[in-house]
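**Student:** Sequence:
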Amino acid sequence: MQVNENFEPVIVAFCCNWCSYAGADLSGTNRLNYPTNVKIIRVPCSCRVNPMFILRAFQKGADGVIICGCHPGDCHYTSGNYFTRRRITLLYSMLDFLGIERNRTRLEWVSAAEGAKFAATMEQFTADVKALGPNRRLEDLRCRKQ
Numbered sequence: 001m002q003v004n005e006n007f008e009p010v011i012v013a014f015c016c017n018w019c020s021y022a023g024a025d026l027s028g029t030n031r032l033n034y035p036t037n038v039k040i041i042r043v044p045c046s047c048r049v050n051p052m053f054i055l056r057a058f059q060k061g062a063d064g065v066i067i068c069g070c071h072p073g074d075c076h077y078t079s080g081n082y083f084t085r086r087r088i089t090l091l092y093s094m095l096d097f098l099g100i101e102r103n104r105t106r107l108e109w110v111s112a113a114e115g116a117k118f119a120a121t122m123e124q125f126t127a128d129v130k131a132l133g134p135n136r137r138l139e140d141l142r143c144r145k146q
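Taking our numbering, I'd label the letters of the sequence shown as residues 1 to 146.
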């Protein structure tokens, strides 16, 4: 597969307020670099991420979507990440049906003390999506930059 060196993927990261967003903040505080094309959306809990949000992100031009939440058992809302895990499993089958590569979506558990893990995860996910190339499957042509 030929990789376009000029292609920089747009990554949307849904981060839970209590752990993953704090982990992103810690990575910035520790001056750990992660790609600037990662756009973080802060949500109260990872279970609040509706699968339609992910499909809409792909439609609006995202090349990859990552959901980051608290570790199972450490959720501020007791069982929110268990719902997320089940919902993402169903989302993967929907993405398969739509013909979108499963590697464009990822679920990761990052706590508030894991700034280095957050940065490393974003680096790795961006590299994986870059290898896949641009998202053309659900792209809304009206959202494309001219």
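Derived from the structure by calculation, the hints contain no laboratory data.
All values derive from a computational prediction rather than experimental measurement.
Fair warning: there could be bad hints in the mix.
[Stated by the list, open to error] When the alpha-carbon atoms are kept at most 25 Å apart in a straight line, the in silico DSS-like pairs for lysine-lysine are as follows:
no., residue 1, residue 2
1, K130, K60
2, K39, K117
3, K39, K130
4, K60, K39
5, K130, K117
[Unchecked claim] Have a look at the derived ranges for each label pair, beta carbon to beta carbon:
no., residue 1, residue 2, range
6, Q59, R31, 11 to 21 Å
7, T78, R42, 29 to 39 Å
8, N6, D74, 35 to 45 Å
9, G28, S93, 31 to 41 Å
10, M94, G61, 18 to 28 Å
11, L98, R31, 16 to 26 Å
12, G133, D74, 16 to 26 Å
13, G73, G133, 12 to 22 Å
14, N6, G73, 16 to 26 Å
15, L98, T29, 30 to 40 Å
16, D25, R48, 27 to 37 Å
17, E123, H71, 29 to 39 Å
18, S79, N6, 19 to 29 Å
19, N6, N103, 12 to 22 Å
Using N, Cα and C, we set each Cβ at its ideal position, and we do this for glycine too.
**Student:** Go ahead and decide if the range 16 to 26 Å is satisfied by the Cβ distance of G133 to D74.
**Tutor:** violated (36 Å)
**Student:** Confirm or reject the claim that G28 and S93 have a C-beta distance inside 31 to 41 Å.
**Tutor:** holds (35 Å)
**Student:** Does the Cβ-Cβ separation between G73 and G133 fall within 12 to 22 Å?
**Tutor:** violated (37 Å)
**Student:** A range of 12 to 22 Å was offered for this pair. Does it hold for the Cβ distance of N6 and N103?
**Tutor:** This hint holds: roughly 21 Å between Cβ atoms.
**Student:** Would you say the C-beta atoms of D25 and R48 sit inside 27 to 37 Å of each other?
**Tutor:** violated (19 Å)
**Student:** Between Q59 and R31, is the Cβ distance one that fits in 11 to 21 Å?
**Tutor:** Given range 11 to 21 Å: violated, Cβ gap about 35 Å.
**Student:** Keeping to a limit of 25 Å between CA atoms, is the pair of K39 and K117 held or broken?
**Tutor:** Cα-Cα ~17 Å, so holds.
**Student:** Mind checking the alpha carbons of K39 and K130 for me, to see if they're no more than 25 Å apart?
**Tutor:** Since the Cα atoms of K39 and K130 sit roughly 15 Å apart, the hinted pair holds (cutoff 25 Å).
**Student:** Has the hinted range 29 to 39 Å been met by the Cβ atoms of T78 and R42?
**Tutor:** Because 20 Å falls outside the window, the suggested range is violated.
**Student:** Does the Cβ distance between S79 and N6 fall inside 19 to 29 Å?
**Tutor:** At roughly 44 Å between Cβ atoms, N6 and S79 fall outside 19 to 29 Å, so the hint is violated.
**Student:** Taking the CB of N6 and the CB of G73, does the distance hold inside 16 to 26 Å?
**Tutor:** violated (43 Å)
**Student:** Is the hinted pair K130 and K60 satisfied, with a Cα-Cα distance of at most 25 Å?
**Tutor:** Satisfied, since the Cα-Cα distance of roughly 18 Å is no more than 25 Å.
This entry does not satisfy hints 6, 7, 11, 12, 13, 14, 16, 17 and 18, going by the numbered hints stated previously.
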